[in-house]
Structures are given as structure tokens and as C-alpha cells.
Amino acid sequence: MLAKRIIPCLDIKDGRTVKGINFLSLRDAGDAVENAARYSQAGADELVFLDITATVEKRDTLAPLVRRIADRINIPFTVGGGIKSVEDAYKILDAGADKISINSRAVREPELVTALSYRFGSQCVVCAIDVRRNPIFDSEDGEGWEVYLDGGRTPTGIDGIKWAKRVEELGAGEILLTSMNHDGTKEGFANNLTRRVSTSLSIPVIASGGAGSIEHFEEVFTSGCADAGLAASIFHYHEVDIMDLKRYLASKGISVRL
Amino acid sequence: MIAVVDYNAGNVRSVLCALERLGAKAELTCERDRILSADRVIFPGVGQAKSAMVELEKRNLMSTLKEVKRPFLGICLGMQLMNAFSEEGNVDLLSLFDNRVSLFPQTEGVKIPHVGWNSIDVESSPLFEGVGSGSYVYYVHSYYVPLSPNTIARTNYDGISFTASMGKDNFYGCQFHPEKSGEVGEKILKNFLTLEVE
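Read top to bottom, the protein sequences are chains A and B. With the first letter of the first sequence counted as 1, position 132 gets the number 131 in numbering that gives the first Met the number 0; the numbers rise by one all the way through. With the first letter of the second sequence counted as 1, position 131 gets the number 130 in numbering that gives the first Met the number 0; the numbers rise by one all the way through.
Note that these hints are calculated values from the structure, not bench results. Incorrect hints may have been included.
[What the hints assert, rightly or not] Calculated pairs, DSBU-like style, for lysine-lysine (alpha carbon to alpha carbon, straight line, at most 35 Å):
id, chain 1, residue 1, chain 2, residue 2
1, A, LYS83, B, LYS68
2, B, LYS110, A, LYS185
3, A, LYS90, B, LYS57
4, A, LYS12, A, LYS90
5, B, LYS110, B, LYS167
6, A, LYS164, A, LYS83
7, B, LYS65, B, LYS189
8, B, LYS65, A, LYS251
9, A, LYS161, B, LYS49
10, B, LYS110, A, LYS90
11, B, LYS65, A, LYS83
12, B, LYS110, A, LYS161
13, A, LYS251, B, LYS57
14, B, LYS189, A, LYS90
15, B, LYS65, B, LYS49
16, A, LYS83, B, LYS189
17, B, LYS189, B, LYS110
18, A, LYS164, B, LYS49
19, B, LYS189, B, LYS49
20, B, LYS167, A, LYS164
21, A, LYS90, B, LYS49
22, A, LYS12, B, LYS57
23, A, LYS164, B, LYS186
24, A, LYS83, A, LYS161
[What the hints assert, rightly or not] Covered stretches of chain A, as calculated for chain B (at least 3 residues, CB under 8 Å):
id, region
25, 72 to 79
26, 155 to 169
27, 177 to 189
28, 207 to 220
These figures come from a predicted structure and were not determined experimentally. Even for Gly, the Cβ is constructed at its ideal location relative to N, Cα and C.
Kindly generate the complete structure, drawing on both the sequences and the hints.
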């Protein structure tokens, strides 16, 4: 059985792990390489690193840091933030990342998704999508979602569900779906949103935003149909132990790697 | 010295990093002499079968790889290329094994590529010494090698049982990525680094 994946996310600024609430007010959460090694040993299935300041501050992404991470960990990892071209992506993949993630740039330059997929294979290309509820896009189940860019600062007027389908067509191999309404709240994932996206696409969906307890992961894997669940603060601050979480999921009949 | 075959395939860095963590001395090379004199050969690969075969031909590597007498391990696309034919680009392969590489059938609700951690059922083989059935390994692929008499580990993905690993003489292959498969993967790589062929 293919296992559901548990993915700690490390938001990176200047080589340090940081965590914000609703995309704002950053707190330091430790050295990125040390955190990566700790998660890898603690049972994480995969890691995601997002350079959250890269798009806004136009900084280059973190090839030397990626290299140090690749030297240390033995599980797959994704790096995103500020990737603007095939060459940018090449530097990150060559430094040892398994996948790259793009977000704002995919909206501004959709053909980049196709170019990355063609050059490196769709399995390397994760499209991160940040959405916020907006009734303008309401559908039959009463939940409309709008795509936001630039770390949640810029609304686009684009329907999040339609955009997810579009990036699959463009060549994305996976979607990292974050509900800004849920992010940082610890009140659970956006299960309806996740299910709508996951069941309408044939590529895996990583649910992100809102994890506060082990039960929230159970919900996102069952009612949310997510392929993977991503969280940051509950892992950084040791509120949830990854192996305890996985044992709990296994006891509920959910396939996990133990 | 471990020769890691350089043919412009994606992400060999993770294989080199994994070997370094295990204390093995590895060299990325496409030189015939280096490959044939290496203690072991690793044939990695992420990419597309047809363009990979073009790159191998450009470097005159096809006959070199077939001549290797020391332990040889193909990983992911590397393992697929060791077979006879791939539906990915409809291309003839190295024919070290007589299998046809096929695309996972497109069925409703089944996600392709097969990405993530899946469990293996292993048969007795020096490559899987100390690795039990039910162990999880990391996969990223859309094409698969069917089961054959050379299968030494199998995985089931949504009803299709396929070759997770295969072996014949000095030639071994893993469809999964041992370099990304945590401690289980490290054990498999360690086994490869110490196994001997008759």
C-alpha cells in the first residue's frame, strides 16, 4: 500500500527556520540543517523548504544551504521560493533537492511550469497554491477559494480550484495546497477544499495549513483525500511527535511508513 | 572506487551524497576505463527513457555497461534501462534483462506517477540481507517493470504488482530510490557495497 506522507515544512529565512501565523509575525525556529536532520531521524517521510521571503525581496534561493541539507538527510526534499527560471531550478536540483516548488511565478508565467516539467520531469515540479476563501468563487458546496501570491500578500482574482486543474495540465507533478484561512490556526486542515482538489486531479495533493492535533491528520487523509499532510509549528515546537502521529494513523487503518 | 555513471541524467547528487554518508569513495564518470576498473558501478537516473538512451549512445556507454563484471546497481530509470524495451518513447534498451517497461494503466482514481513510500515484499537475495518484507521505500515513477523470474522484490500499487528490485549475476536494479529511502535504503546500499558475485 502506498503510504500517506507526513511532511514537516521548514520556512527559511537567512538559513534559519522561521514560522509565522497567518503568513505574518515570524518567529525563529532553529537552524535549518539541524532541523532537517532531526526530522529525517524522527520519521518524517519528506521535507519541504520554502524560502518565504524570496519572492518579495527578490533574493536568490539557497543552493549552498540545499547542498548542506542533501549531505545530511536520507529522505526526499522539496525546495521552493524565488525560482524564476529553468536555470534557477537546475541550481537547486543540482545541489541535491529532489523537487522544486513554484508558486507566484507559476501564475505570472504559466509556461515556466511546462518548461520545468519538460526539462526535469513532472515528478520534480511541485506547484504551491495559496488560497483564501472568497464568496465570488462559491460553488455548489458553498466554499469559494481565491489564489493569492507573494506569500499571501497579492490577490489574483483566480479561482483556486480551476488553477489547480490548470497547473496539472501545464505539467506539475504534485500540488502543495495551503488554505490561508486555516494556516496557523491549529484548528484543522481545509478538508473540503483538499477533497475537491484531490479528487478532481490525477496528481498527488499535499494539504497544508491548520494542523493542530493528530486527529487533524486523520481527517485530512480520510475526509480530505490528501496524499500527504504538511505542517510546521506543531513539529517545530514538539507539540506532536511524528512517530506517535504515525502510530495513531496506523491504528485508524491509514497506511503509513512505520 | 564506486563508479557512478554520468550520462546527464537527473539528480545524481543524492546518490553521491548517500554514498558519502556511507563512507564509500564514489566518482561520477562516463569513461570506459574508469567504469570497467571500478569496484562497483551505480547506474542512477531520473528522466525519460528515450533521451537517456540517446545520451548513453552519445557517450558510447552501451557496450561498456554490458561488459561490467563487478556488482552493478541500476536505480529507478537506471534499472528500467537495463531491460529490453520501454514504452516510454518506444525505445530499445540495454537488454541485460528481457522485460518490457510499461506505463501504469490510466484508471480512474489512480494517481500517476506512483510517488511516495510503498512497501516491498522481498525474496532471499544478498541485496536485501536484513531487510524484511513490509519495509517501506521511496518511489517516483510512471513506468514499471513487470514481475519476472529475475524479480527479487515486488511492490503493489493499486492492484498492480511490479518489480521493485531485480537481480541476475552481477546485475541488480531497484525501481525505488535507496538513496532516498531512509535507513532501509541505506541498508540496501550497504548490502550492495559489500555483496560479492561468483
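Hint-by-hint comparison with the structure:
At most 35 Å may separate the alpha-carbon atoms for a hinted pair to count; LYS83 (chain A) and LYS68 (chain B) exceed this at roughly 45 Å. The straight-line distance between the Cα atoms of LYS110 (chain B) and LYS185 (chain A) is roughly 29 Å, inside the 35 Å bound, and the hint therefore holds. Between LYS90 (chain A) and LYS57 (chain B) the CA atoms are separated by roughly 24 Å; this keeps the pair inside 35 Å, and the hint holds. Annotation: proposed proximity of LYS12 (chain A) to LYS90 (chain A) holds, straight-line Cα distance about 18 Å (limit 35 Å).
Note on LYS110 (chain B) and LYS167 (chain B): the hinted pairing holds, with a Cα-Cα distance of about 31 Å set against a maximum of 35 Å. Restraint check for LYS164 (chain A) and LYS83 (chain A): the C-alpha separation of about 21 Å stays at or below 35 Å, so the hint holds. The straight-line distance between the Cα atoms of LYS65 (chain B) and LYS189 (chain B) is roughly 23 Å, inside the 35 Å bound, and the hint therefore holds. For the hint pairing LYS65 (chain B) with LYS251 (chain A), the CA-to-CA distance comes to about 48 Å; that exceeds 35 Å, so the pair is violated.
Of the pairs offered as hints, the one joining LYS161 (chain A) and LYS49 (chain B) holds, with about 33 Å between alpha carbons and a cut-off of 35 Å not exceeded. For the proposed pair LYS110 (chain B) and LYS90 (chain A), the alpha carbon gap of about 29 Å is at most 35 Å, so the pair holds. Between LYS65 (chain B) and LYS83 (chain A), the direct Cα distance comes to roughly 41 Å. Violation of the 35 Å bound is thereby established for this hinted pair. The straight-line distance between the Cα atoms of LYS110 (chain B) and LYS161 (chain A) is roughly 19 Å, inside the 35 Å bound, and the hint therefore holds.
With a C-alpha separation of about 52 Å, the suggested pairing of LYS251 (chain A) with LYS57 (chain B) is violated against the 35 Å cut-off. A hinted pair counts as satisfied when its Cα atoms are at most 35 Å apart, and LYS189 (chain B) with LYS90 (chain A) qualifies at roughly 29 Å. Distance hint between LYS65 (chain B) and LYS49 (chain B) is fulfilled; the C-alpha atoms sit about 18 Å from each other, no more than 35 Å. Taken as a hint, the LYS83 (chain A) and LYS189 (chain B) pair is broken in the structure, with Cα atoms around 38 Å apart against an allowance of 35 Å.
For the hint pairing LYS189 (chain B) with LYS110 (chain B), the CA-to-CA distance comes to about 32 Å; that is within 35 Å, so the pair holds. Among the hinted pairs, LYS164 (chain A) with LYS49 (chain B) is consistent with the structure: their alpha-carbon atoms are about 28 Å apart, no more than 35 Å. For the hint pairing LYS189 (chain B) with LYS49 (chain B), the CA-to-CA distance comes to about 31 Å; that is within 35 Å, so the pair holds. Simply put, LYS167 (chain B) and LYS164 (chain A) have alpha-carbon atoms about 43 Å apart, too far for the 35 Å limit, and the pair is violated.
With a CA separation close to 24 Å, the supplied pair LYS90 (chain A) and LYS49 (chain B) stays within the 35 Å bound. Proposed proximity of LYS12 (chain A) and LYS57 (chain B) is contradicted: the alpha carbons are some 42 Å apart, above 35 Å. Between LYS164 (chain A) and LYS186 (chain B) the CA atoms are separated by roughly 39 Å; this puts the pair beyond 35 Å, and the hint is violated. Straight-line distance between C-alpha atoms of LYS83 (chain A) and LYS161 (chain A) comes to about 23 Å, which keeps the hinted pair within the 35 Å bound.
A stretch counts as covered by a chain when three or more of its residues have a beta carbon under 8 Å from one of that chain; for the region 72 to 79 of chain A and chain B the count is 3, and the coverage holds. Counting residues of the region 155 to 169 of chain A whose beta carbon lies closer than 8 Å to any beta carbon of chain B gives 0, which falls below the threshold of three, so the coverage claim is violated. Counting residues of the region 177 to 189 of chain A whose CB falls under 8 Å from any CB of chain B gives 0; the rule of at least 3 is not met. Residue count for the region 207 to 220 of chain A with a Cβ under 8 Å from a Cβ of chain B: 0. That is fewer than the three needed, and the coverage hint is violated.
Of the hints listed earlier, those the structure fails to meet are numbers 1, 8, 11, 13, 16, 20, 22, 23, 26, 27, 28, in rising order.
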